[in-house]
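Below, each chain spelled out in residue letters.
Protein chains: 4
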Amino acid sequence: MSKHENQSLISALHDCMAACNHCYDSCLKEDDVKMMAECIRLDRECADICGFFEQALLRDTPFKAELAKVCAEICEACGKECEKHDHDHCQECAKACFNCAKECRKVA
Amino acid sequence: MSKHENQSLISALHDCMAACNHCYDSCLKEDDVKMMAECIRLDRECADICGFFEQALLRDTPFKAELAKVCAEICEACGKECEKHDHDHCQECAKACFNCAKECRKVA
Amino acid sequence: MSKHENQSLISALHDCMAACNHCYDSCLKEDDVKMMAECIRLDRECADICGFFEQALLRDTPFKAELAKVCAEICEACGKECEKHDHDHCQECAKACFNCAKECRKVA
Amino acid sequence: MSKHENQSLISALHDCMAACNHCYDSCLKEDDVKMMAECIRLDRECADICGFFEQALLRDTPFKAELAKVCAEICEACGKECEKHDHDHCQECAKACFNCAKECRKVA
Chain A
1 MSKHENQSLI
11 SALHDCMAAC
21 NHCYDSCLKE
31 DDVKMMAECI
41 RLDRECADIC
51 GFFEQALLRD
61 TPFKAELAKV
71 CAEICEACGK
81 ECEKHDHDHC
91 QECAKACFNC
101 AKECRKVA
Chain Z
1 MSKHENQSLI
11 SALHDCMAAC
21 NHCYDSCLKE
31 DDVKMMAECI
41 RLDRECADIC
51 GFFEQALLRD
61 TPFKAELAKV
71 CAEICEACGK
81 ECEKHDHDHC
91 QECAKACFNC
101 AKECRKVA
Chain E
1 MSKHENQSLI
11 SALHDCMAAC
21 NHCYDSCLKE
31 DDVKMMAECI
41 RLDRECADIC
51 GFFEQALLRD
61 TPFKAELAKV
71 CAEICEACGK
81 ECEKHDHDHC
91 QECAKACFNC
101 AKECRKVA
Chain L
1 MSKHENQSLI
11 SALHDCMAAC
21 NHCYDSCLKE
31 DDVKMMAECI
41 RLDRECADIC
51 GFFEQALLRD
61 TPFKAELAKV
71 CAEICEACGK
81 ECEKHDHDHC
91 QECAKACFNC
101 AKECRKVA
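Residue numbers (my numbering), protein chains in the order written: chain A, 1 to 108; chain Z, 1 to 108; chain E, 1 to 108; chain L, 1 to 108.
One should not assume that every hint holds.
If several chains are the same, the list does not tell them apart, and a pair holds so long as it fits within one copy or across any two.
Unchecked claim - Derived lysine to aspartate or glutamate pairs resembling EDC-like cross-links, with alpha carbons at most 16 angstroms apart: (1) Lys95 <-> Glu5; (2) Lys106 <-> Glu38; (3) Lys29 <-> Glu73; (4) Lys29 <-> Asp88; (5) Lys106 <-> Glu73; (6) Lys29 <-> Asp60; (7) Lys69 <-> Glu38; (8) Lys64 <-> Asp25; (9) Lys106 <-> Asp32; (10) Lys64 <-> Glu45; (11) Lys69 <-> Glu5; (12) Lys102 <-> Asp60.
Bear in mind the hints are in silico, worked out from the structure with no lab data behind them. Nothing here was measured: the structure is a model prediction, and the numbers come from that model.
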């Protein structure tokens, strides 16, 4: 069943979507929001594509490889921005992004 | 942290979204697709709102109660349609929908 | 046809979604991002629900009234935040939000 | 402004999203739903990615080229399926898909 076949990818997408939404929310509450503007922007792009791709996988999309490729690219860009910032939510988000990019690359 | 505060709701939303996408995909592969048309339609509506609400919760949306209300209504409608059908994917989806509706009602 | 029946609502949702995404993007580029944090947050919530509801209408969702209600509430909240700020993108967004809320209320 | 720069692409995405949602809804109401199963599936995939990409463009996403590429691929696949069927909604959807794919290719 498709659900099990892609389980590690599905988990990575879900963790990354959750981390990005949490980082986005936390960045908006930081004192120096301006410094976090690019992080906020990329968190949203990344959360959106991960949530999108996870749902697509769960309905056995015929476009797994194509979506994995674009998702990996967005996760990498978001991870690179997040890792520049010392906040725990940014560091955790970077880890989730890089892990998700790695899982996406396996099927891209 | 918001993530933990809503953990059982978040899990219920995610399980429901996954069950609805799986049921949708499986219905499209059944022999009698016509009999499943309403199930296909409601599975998509339900998957979409559950995925939407889960993401919104993970970014600490100010509209938790409002979204929980509409999500509960859609989950109940989807569960009622799914439980009419004997397929395992429909029966499992109905359970996930009713559980999610119950969790949504707690915060609506 | 459903598309025409709801045409003024669909247009209002689309204009609001576009205005919110533009305001979100513009707020992230402002000098004083911190002052715009709540606007950024509500722009995203509002863009997401308007885009969601527009798509649902275009597929003749059975949940028109329920979605219209939550969408109106989110549009009003976003409009009230946007109208506090002098930027053109905020003022235009507030107008689009209030117009969309009004259209939603007609079918809620 | 980004909104105008991409206007023909944004219009093509929106038209394609609307046509796919209308075709999806109409296919579910046809007598021979089974024959339309693949059309239903691809209509949803295509509507979802077009709606996603349109929103991303409206917030000046840094991932325009990457999203345009995957969107073009999904639009082409959906158009090829739709054009097999004689229903007006399928033929109109095929046209919208091919036009959208063409617009996406210009920026991919």
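Evaluation of the provided hints:
1. Lys95 <-> Glu5: neither (23 angstroms within a copy, 23 angstroms between copies)
2. Lys106 <-> Glu38: neither (28 angstroms within a copy, 27 angstroms between copies)
3. Lys29 <-> Glu73: Cα proximity of Lys29 and Glu73: none, with 27 angstroms in one copy and 23 angstroms across.
4. Lys29 <-> Asp88: within (13 angstroms within a copy, 24 angstroms between copies)
5. Lys106 <-> Glu73: Answer is within: at 13 angstroms inside a copy they meet the 16 angstroms cutoff, but 20 angstroms across does not.
6. Lys29 <-> Asp60: Close across copies (11 angstroms), not inside one copy (37 angstroms); limit 16 angstroms.
7. Lys69 <-> Glu38: Neither: 22 angstroms inside a chain and 23 angstroms across chains, both beyond 16 angstroms.
8. Lys64 <-> Asp25: between (29 angstroms within a copy, 15 angstroms between copies)
9. Lys106 <-> Asp32: neither (37 angstroms within a copy, 36 angstroms between copies)
10. Lys64 <-> Glu45: between (19 angstroms within a copy, 11 angstroms between copies)
11. Lys69 <-> Glu5: neither (18 angstroms within a copy, 26 angstroms between copies)
12. Lys102 <-> Asp60: neither (20 angstroms within a copy, 26 angstroms between copies)
Hint violations for this structure: numbers 1, 2, 3, 7, 9, 11, 12, all remaining hints satisfied.
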